[in-house]
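Here is how the chains run, residue by residue.
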Amino acid sequence: MRTVKSNFKFKGGVHPDYNKELARDKAIETLPLPAELVVSMSQHLGAPAKCIVKVGDFVKRGQLIGEKNGFISVCVRAPADGKVTAIEKRPGPTGGKADAVILDTTAKEEGSGEQGTGNGERGTGNVLPPLDWKAASREDLLKRVEEAGICGMGGAGFPTAVKLNPPPGKRCEYLILNGAECEPYLTADFRVMLERADRIRVGVEIMRKILGQCAVRIAVEANKPEAIAALEKAFADIEGNVEIVVLPVLYPQGSEKHQIFATVGRVVPEPPALPIDVGCVVENVGTVAAIADAVEKGEPLLSRVTTVSGDAVAEPKNILAPCGTKYADLVAFCGGEKGTPAKVISGGTMMGFAVPSLEIATTRTTSGLLLLSKNRVFQYGSGPCINCGRCVRACPMNLNPAEISKAVEADDIQSAEVDYHVMDCIECGACSFGCPEYRTITQMCRRAKNSIRARIAAEKAKAAAAAGK
Amino acid sequence: MTIAIVVIAGVGLVAAIALAVADRYLSVKEDPRIGMVTAALPGANCGGCGFAGCDGYARALVAGTAPNGACAAGGEACAAAVAKILGVEATATERRVALVKCCGTRSEAIRVGDYNGICDCNVAATTAGGDKGCTYGCLGYGACANVCPKGAISISDGLAKVDKRLCIGCGKCVKACPKHIIELVPASATIHVLCANPDKGPAVRKVCGVGCMGCHLCEKNSGGKEAGHFTFQGFLAKVNYENPPTDEQIVAKCPAKCMAADPHFESGH
Amino acid sequence: MKPKETAEHFILSSSPHAHAKSSVSRIMLDVVIALLPTTAAGIWFFGMPAVWTIATCVTTCIVTEALCRLAMKRDNTIGDLSAVVTGLLLALNLPAGIPLWMAVVGSVFAIGVAKQVFGGLGMNPFNPALAARAFMLISFTGPMTTWLKPFWWRTPDAVTTATPLATMKTWFVAEATASASPHGLCDKAATGIPCLWDMLIGNMPGCIGEVSAIALAIGAVYLLVRKVITWHIPVAFIATVFVYSLIAGGAPAMAQVLTGGVMIGACFMATDYVTSPTTAKGKLVFGVGCGALCMVIRQFGGYPEGCSFAILIMNSVCPLVNRWTQPKPFGARKK
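Chains as they are written, first to last, in our numbering: chain A, 582 to 1050; chain B, 12 to 280; chain C, 48 to 382.
Hints are computed from structural coordinates only; laboratory data are not their basis. Heads up, some of the hints might be wrong.
[Stated by the list, open to error] Sample of chain B residues facing chain A (criterion: CB under 10 Å; computed from the structure):
hint, residue
1, Gly141
2, Gly144
3, Asp174
[Unchecked claim] Which chain C residues face chain B? A few, computed with CB under 8 Å, are given here:
hint, residue
4, His56
5, Leu59
6, Ser61
Heads up, the beta-carbon is just placed ideally off N, CA and C, and yes, glycines get one too.
All chains should be built: construct the whole structure from the sequences, respecting the hints.
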């Protein structure tokens, strides 16, 4: 095991103000169980889970309340004991509505004893039987990852059991742990690496068993020296080809494709290619720790660490809370609002979602909640592109955001797709970050991509209907 | 000088002969009916029929691959003229116009955030679902107004309104609206319910002062359920345009004030 | 009755929610600051006429932009300082002694015709200051090709002259003049060409802003440090001019670079965002094209100075250059 510096630097990228000092040194605190939880059936990428409880049911912590619905899907389990008071559509941070189970955690079932020690804390109350990962088979371990409802906790929420089971013919050569956390304000992964490095180690051992022998690369940005030290200590005596790769501080270092390039120098081709096509599997460090708990302690993925930060919250903290906690409860735990927030963001400032209310609840992928005052917020404008080229220099995917934005403004989506490869855009926001005219470049890229996806879906439906005839 | 005149005249003569020969032997044979049908069509090139311009529809009509009467802009008169040219039966079609089923202006319906971005409803709807409290209602950023080929849609106080006199019923606005609240209704119908929120009354009241609460008073006042002038989707009243109500009194009696009886509906209420 | 709105209203926008502290006015201000050494040098050498020309051009440009936006019923954009920059650059490209009414006409053309007619900042295909200069060169050829000598007020009987370029142009012509081209450049009396030192500091006839290479270089370095421009266009332009004149013979390469509008053109005119390519490759192609065209016009064309026209021609092919030099996406498959 050794620590090395990254040999590869991708072109582009920007340096936003990180503001991580607001929450960096705050140890993870556990949120007292909120009175009401809003557990969404869609906390991951893929088809929402199918709700299998009814209004009025009493559920126990860890009980299955949503079944996996399809291949790319994940199950949902109750984060605490409680009574189902409603099942209705609730908006998520993107505005999209999904079925959610509203749990009243103060309700006690008649005849039952004390309220279970749900509390969001890991390790209290085994829901699934603990497994000895050294003795368990690969299939048992994979099944456990699936049963525990684990999905990527870095933000996209891809079902981990699917990712760790590559199709035949594709082998994993490098397991890359994503500890970059390149988004401003967020320090959740940093604290997990600092305080739970031993869990990450166990998680790596388990994943190596599932994926077969492969090299391991733990990618951490250079602005987290304490985390690197903690990881070095935890992984000191691990066997096999394991390296901690220190990456330069650059946004978006945490993007999957760029992380693969920065750590092992391989380039993932254009979609539909995936990282496994170049022999790489990338997982967030939080997901890895969750895998360890799921296997060793039988603890499903019921809670996660979320950084609550920003200059409009009284005490920024890193909070371990059940997935389904309302933002308002998190903010209250942090001493409430400081002044009047002008913007509330779910996630980080570069790729997070602006939300209209604090009644929205966390999911397995909510890494941050930011309350920003007017001083930290800017207004987008509608000025013309002046061809300054800052966005072209910033784009980590080597696209031409200036031309894409001009094409979208002229409603020429075809040009954006064919000439300027807008479908390769990862929506990282680096282009809009530096634009002197404050143009909504990222929003225009999204608009083009949505339009193209809708067209492809319509064509597929038409073809399917024609074939069916 | 003479030589110049002779040469130029000669070149002209040669060119004339060449053109005459080309016109006779190289001309593309085209069905003359295509030109006649194109002339009968309104020439708006709006695409409402589903073809690329009036010429495209004319070719399809003559080839027999398109039904007559698909031209909403031309309406009955045009369908009859086309039928005459093609020598087929004329099918009666009624003029349809677009209706935005929402009356929640910024003065009546709450907004839950300050939207800052591209001024387009489809884009705004993908940013936190839009900034309107009622998630079913018109966002008022003009996606419909932008695609209308006749400029029949105007946005005022955050609400889109269609001017019936200018609308040709091409249906482009229907496709453009991300909330799917624009419907093509018969031009002769005068009574409409301008709401698309099927939620319970108290929930609607929380987000809009003029939303339909599902009280069924419109149905009662127009002869009850048996008369069949209204259907209900959840707690939302919907006019049955096959059998529309005719008594304009029921508009004034609506407690939510979400109905309209304005023949032009260029001013919602 | 409109229901009560919630007390807190948050801003809803697409990501990103963070922004660099950049703005168009800040960039334009940096350009103005970068041009201050050149402006000072121009005023130092050419005196009050330079002051009047600069003041006239800047004021006329600002007023024209405000009036145009008013007439077009669009928002007032003089706050972004681009009109100030255009006025200043136009003035620096004019002879100090130009009649002020011609400067006014040129400024109105620069903003009104070359910029606002196309829709304003970002829409113009040609550099407005250069378009105006070309317009004035064709309309007012005489006054545009008569320059004040530096410190003209000391020798009132020989006030105006041509630039060294006119002399240098003759050296392209024949082998016979090979003996007449000096190797040291300080024999002013014999050759009519200023010595190297004079060319560097600007003690030679020319337009207000094009004479002082050192002042221009200081400005260019400031812009590079502030990341307003990248090195690609200036280096490509100047290097091409240098290499071309080494190969073509005639005047010494240093003289070709330091006289005429090459320095100001390469650093301030060709680097105009709107009319130059966005990618690094494109900028290099653009710079080389400008340099080559400039030298071709100087050697074979009717004018002794080719810089303005070279840049204008490259402006016109800029969309094509952009198209040919698109970056390859990360992970793009080789077709």
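Now for the hints, and whether the structure bears them out:
no.	hint	result
1	Gly141	7 Å, holds
2	Gly144	9 Å, holds
3	Asp174	24 Å, violated
4	His56	6 Å, holds
5	Leu59	4 Å, holds
6	Ser61	5 Å, holds
Of the numbered hints given earlier, the model fails hint 3 alone.
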